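Colleague: Below, each chain spelled out in residue letters.
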Amino acid sequence: MTEKTVLIEISRLTKVYGTGQAAMEALKGIDLRIDEREFVAVMGPSGSGKSTFMNILGGLDTETSGAYRFRGVVVGQLTRNQRARLRRYYLGFVFQGFNLLNRTSALENVELPLIYRGLPTRVRREKAMRALETVGLAQWKSHTPGELSGGQQQRVAIARAIVTEPAVLFADEPTGNLDRSRSREIMDLLVELNGRRGLTVVMVTHDPDTAGYAGRVVRFVDGLIESDEPNGRVS
Amino acid sequence: MLWNMILLAFKELKRNVMRTVLTILGIVIGVAAVIVMVTVGEGATAQVRQQIASMGSNLLMVTPGKRMGPGQSTAQTPFKQADAQAIYREITSVAATAPVSVKSIKAIFGNQNWSTQVTGADNQYWLTSNRTIAAGRAFTDHELKSGAAVAVIGETVKEKLFDGQDPIGQKIRLEDVSCEVIGVLEDKGQNTMGQDQDDLAVIPLATFQRRISGSQDVGMIMISVQDGASTEKAKADIERLLRERRHISASDEDNFNVMDMKEISKMLTGTTQLLTALLSAVAAVSLLVGGIGIMNIMLVSVTERTREIGIRLAIGALEGEVLAQFLVEAVALSSLGGILGIVLALIGSLAISKIMNVPFILNLSIVAIAFLFSAGVGVVFGYFPARKAARLDPIEALRHE
Ligand SMILES: Nc1ncnc2c1ncn2[C@@H]1O[C@H](COP(=O)(O)OP(=O)(O)O)[C@@H](O)[C@H]1O
Ligand SMILES: [Mg+2]
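Protein sequences appear in the order of chains A and B.
Going by my numbering, the first sequence opens with residue 3, and the numbers climb by one from there.
Going by my numbering, the second sequence opens with residue -8, and the numbers climb by one from there.
Isolated chain B, as found in the complex:
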């Protein structure tokens, strides 16, 4: 009986292919959105986890300004190099501190130019950012102190400016500073937000302050906590020290922000969450619209087939059997949308994962849930038209033209 109904339902749907396709479009989009969202979201999360592992779980980042939300802060009293030195000196669990300032600057070599992140830092930066120098060397103490015009460049800068030549010993221009390239960093690839982590040129902090920013301020302090030491405790110690150094009274809030990996990863996944929320809304609306579309088309179908319903009732179909027939048809319609949505989502997530450079992680349970949900939409929105069909008066229905 059920099998007969399923066959019958697909026969009906096949009769009007165009109508069927248009009807299930909403469901297709809704289901596809849900699956793409979850698949890409999980891929991105997995990548953040990988990145955090690559950064080392013992990183702390200190930025000036009050904490507003993930990744946001108000501009306030900046840090100085002395703050970094004080943290390194006074907190025993800290392994390295790197004061860091960044500015986007056009780097020029010969007739090539490339806009990159010029980073003022010292040799502790390599440790705190978990990077190694692939070719050449780090800064000397003398270069750091005197503010020498030397640079360690990322792989991307090397590719864009040097086109296969060996950059070591060459001079690149950063604004009006002519810097000698002394080293090249090992490449790291993109991060979750698609940012190229190899698009940078590191110069001594003193050079950055004197020749580029023109002030003694540093943008942030990166801190590496010793292996085995508690980052929680280090974080609390740093907060206490900085409050003291910045003369914050007990009643005032911090005017700086110490982020640990948990918060950094939250910041990194912030965009993913926004995307998730957006796609959830799209999915919900599409499923609703899709459901209404199914209800509409089922009502049309019931009207068109009033005589057929009359015949079935007259020869002894029970109310429940007519109801089931139309419910099965609605569910067949919405499940078909679900299946097409799943196919579309697989193609879409594969493509988006490639583009965003995140791993493709297919969550089979979400595919199953999406499918069941689409079938559920058929049940919910098909019920009213089906009930209408089942309750028809056979005599009236037979008279219908």
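This is chain A alone, in the form it adopts within the complex:
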């Protein structure tokens, strides 16, 4: 085994939505450490705070108290634009609802994050093409999301997330909208990216089968971590 390097370190993290009477404590004090190259599944009942947690990890939202360190950087202290740069250079995101640009081809969707890196068109095209090949959609590059199946759309979304070669991929219920065999395709892809490229993956799911692909399962209940244990399958 290679030595372990800390990627994400979370201590006493809380998140409160609203104020006063309407205040809603979605996270009640989370402590967690995720190393590089790990494949973590986050499970738990609906409303237990999984998405809130992922949004904070992804730098899309900020915690109410506690600290989230990404490679030692305290993310909560970054400005909005600094967090945008963190997302741009280190984080990849895959959502349950795919979130692709509808009127734009698969290739252009994958290219999008590279535009914000200021890469020349030719380089963007090449990298986007390679990412599409990785997810097995090279021949679908000119199709718009509407012309693709759900599984294919999610694979485009994964290609978009990995095209920038991020340090970690966050996936919030990536197979939530897919049937069983499509889910399996996506999970095989994630396992491959994790295994072969050493991409850290943090994935929310409520499906035990899907969670079975991960090396470690963290269980959320009511804004707290109930259990955190290695899975049968070791990466």
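Think of the hints as simulated: they come from the structure by calculation, not from any bench.
This one's a predicted model, so the numbers in the text were calculated from it and none came from an experiment.
You can trust all of the hints, since none of them are fake.
As a list, the in silico SDA-like pairs of lysine to any residue whose alpha-carbon atoms are at most 20 Å apart:
#, chain 1, residue 1, chain 2, residue 2
1, B, K2, A, R105
2, A, K129, B, N(-5)
3, B, K379, A, R82
4, B, K2, A, I117
5, B, K379, A, T81
6, A, K143, B, L(-1)
7, B, K5, A, T106
8, B, K2, A, G148
9, B, K2, A, H145
10, B, K5, A, L103
11, B, K226, B, Q76
12, A, K129, B, M(-8)
13, B, K5, A, R105
14, B, K379, A, D63
15, B, K2, A, T123
Some chain B residues well away from chain A (every beta-carbon gap over 12 Å; in silico):
#, residue
16, L16
17, T68
18, Q76
19, D132
20, H133
21, S137
22, S204
23, D208
24, E235
25, N246
26, D251
27, K257
28, S271
29, I338
30, G339
31, P350
Every residue, glycine too, gets a C-beta built ideally from N, C-alpha and C.
Knowing the structure of chain A, use the given hints to seat chain B with the ligands on it.
Modeller: Quick look at chain B with the ligands alone, frame taken from chain A:
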């Protein structure tokens, strides 16, 4: 990056052609109005300058009544022929004075008739109005004194009444005066206001006074100052003389008005200025309305594309980059309006210049300014919607349906 944004902006605008066209209409009209206004205005001014050159810069015009504004005066003690003679006699720098009276009268020849400006004047009129007789002759002294029924007609009157025949020696009727045509004036064309300067019939002043107006009054006195002499000085001298002759006490204002070329040209451009003011107002309002239209449509666009904005923010777009994207789109929209406005204005000014018979003078700097201004409208009115887009919360935006 910027190039990408421009491409993206035009892609967005192309998606909804009808909406784009309707949105930029205000800008199109505003920009077109500004350019037409300046182009036609400059053409008209150039024409006035030409006309003044053709009239000679040494013309003075004396009209009765107090000066009210450009071209306006109150009716007051009229002049007599003797005033003109006195000016000619006593002011040495004056080369010619022509007492002139004008009335619009229907001229009849055979079964043709044509309403024209019948002008009572003497032979000095040709000099002061800078005209020459193309065919026939001027008045004789005897005709002038006796008030003979003779007329020198303009080219337009000749065309309308004589239809190719030689008018010299023919008799035309002006009210109940039957006049023999003794001469035809060289044609001069239209003036700035589109008035035909060849639509006139000149008869001896005495004839006009006796047979047409029935009074000894003259409408105005046209004065030609000698070459090389100062018109300013001549003007002052005439004013002094006329005040004396009209017994105006030192404390009273003039009850007459001596206009030099500067004032005459002001009078001639008066209508152009009014037109300019009107079109400026139209332009300003259109640009404002156009700007608000752009703001409105950009706000709609931001709402429609909330999810897209969320996606862009989530994958790492900076606030400034989202802002720039929507600003570029607003500017593309308004500049497109500017370009269409310029095209429309070129066609419009060409047409109007033709119709108004003024030279077509295209001022390229005003075209550039109009374009920059339209782009500026995009920046100003696009900023608020763009900022709204840039400040969206990515999570909320992604949740938006
Ligand atoms: N923006 C929000 N405003 C108020 N409450 C919220 C918001 N987002 C989530 N919540 C609440 O926080 C709790 C956790 O939500 P979430 O993190 O989405 O749970 P999960 O993803 O595990 O289903 C829920 O009770 C939810 O209603
Ligand atoms: Mg959730």
